[in-house]
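Numbering follows the working numbering, in which position 140 of the sequence shown is assigned residue number 140; successive positions increment by one, without gaps.
Be careful, since some hints might not be right.
Said to hold, decoys possible - Pairwise CB distance ranges (calculated):
| id | residue 1 | residue 2 | range |
| --- | --- | --- | --- |
| 1 | 219 | 88 | 26 to 34 Å |
| 2 | 87 | 196 | 47 to 55 Å |
| 3 | 66 | 169 | 14 to 22 Å |
As the list claims (entries may be wrong) - Below are the EDC-like pairs computed for lysine to aspartate or glutamate, each with C-alpha atoms no more than 20 Å apart in a straight line:
| id | residue 1 | residue 2 |
| --- | --- | --- |
| 4 | 85 | 103 |
| 5 | 130 | 66 |
| 6 | 130 | 200 |
| 7 | 87 | 76 |
I should point out that these hints are in silico values taken from the structure, not numbers from a laboratory. None of these values were measured; they are calculated from a predicted model. Cβ atoms here follow ideal geometry from the backbone N, Cα and C, with glycine treated the same way.
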Amino acid sequence: MPTNPIRQSSPSAREGKVLAGCLIALGVAIVLAVIATVILFQYRRTVFVSAINVFADKAIAQMPIDQTERDEVRTELDGLLDLYKTKQIDRGQLSEVFEAIAEDPAMPAAFLSTAADAYIAPSALTEEEKADGLRQMRRFSHAVLNGKVSRDTIDGILGLVLTEDPNADTYTLGVHIGSGGANETRILTPRALETDTLREILSQAGAAADEAEIETDLPPIDLSETLHDAIERAMQANPEPDGP
Numbered sequence: 001m002p003t004n005p006i007r008q009s010s011p012s013a014r015e016g017k018v019l020a021g022c023l024i025a026l027g028v029a030i031v032l033a034v035i036a037t038v039i040l041f042q043y044r045r046t047v048f049v050s051a052i053n054v055f056a057d058k059a060i061a062q063m064p065i066d067q068t069e070r071d072e073v074r075t076e077l078d079g080l081l082d083l084y085k086t087k088q089i090d091r092g093q094l095s096e097v098f099e100a101i102a103e104d105p106a107m108p109a110a111f112l113s114t115a116a117d118a119y120i121a122p123s124a125l126t127e128e129e130k131a132d133g134l135r136q137m138r139r140f141s142h143a144v145l146n147g148k149v150s151r152d153t154i155d156g157i158l159g160l161v162l163t164e165d166p167n168a169d170t171y172t173l174g175v176h177i178g179s180g181g182a183n184e185t186r187i188l189t190p191r192a193l194e195t196d197t198l199r200e201i202l203s204q205a206g207a208a209a210d211e212a213e214i215e216t217d218l219p220p221i222d223l224s225e226t227l228h229d230a231i232e233r234a235m236q237a238n239p240e241p242d243g244p
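Model the full assembly from the supplied sequences, consistent with the hints where possible.
Right, dumping it as structure tokens:
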């Protein structure tokens with residue numbers, strides 16, 4: 001049995017139109033960028049982009065993925081922001097694109113698939129357990145991608161990597177939204193996640209994939225490629241600029 005209880009943020013901690021439908025597994029860079037588009041809507045183009053970059057840089061640094069993947073995610077975001085800076089898209093389109101990315105079911109699935117190795121590889125699991133764990137997380141991520149896992153099941157599994165302990169070794173996402181205060185989520189790092197808890201996560205993920213009747217051997221879902229595709233889909237849905 002896991003030694004860490006499931007800890008989930010209260011509903012009030014996840015309120016806000018731009019965060020609706022987002023999972024913690026989505027990747028904080030996208031969430032922060034969505035928030036930035038709303039908070040900073042009144043600023044001129046260069047200030048607006050600079051502010052989003054501040055959010056994104058901090059967020060990407062906190063993502064539990066390897067540096068190569070961080071760089072590739074940053075490249076995809078830079079490409080989108082360049083379209084805005086060169087006035088190929090307007091602010092409304094940019095905001096709509098970010099919201100579409102946040103609601104795209106492929107994003108949390110890709111993040112789950114990409115982040116799994118960051119937790120499994122350095123763990124104290126046996127080599128056999130690691131291989132099976134990666135296989136189960138890939139199956140689970142494909143189940144999420146195909147809409148075959150309930151939100152409650154996803155939240156229950158992801159809740160095992162969350163903590164409310166301010167002294168724990170975590171990736172900490174803190175978002176300040178005007179007078180509404182702070183929205184903070186602490187994700188245990190691979191070092192801090194206990195082996196039995198990791199086993200429980202992998203067991204639950206595998207069970208969810210079994211219930212969804214997902215096949216055994218599936219490829220990982222690449223996060224940066226998925227982000228690129230999500231941006232492309234969102235751009236196709238919002239092709240014409242309306243204003244500044």
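Here's how the hints hold up against the structure:
| no. | hint | in the structure |
| --- | --- | --- |
| 1 | 219 x 88: 26 to 34 Å | holds, 33 Å |
| 2 | 87 x 196: 47 to 55 Å | holds, 54 Å |
| 3 | 66 x 169: 14 to 22 Å | holds, 18 Å |
| 4 | 85 x 103 | violated, 24 Å |
| 5 | 130 x 66 | holds, 17 Å |
| 6 | 130 x 200 | holds, 13 Å |
| 7 | 87 x 76 | holds, 17 Å |
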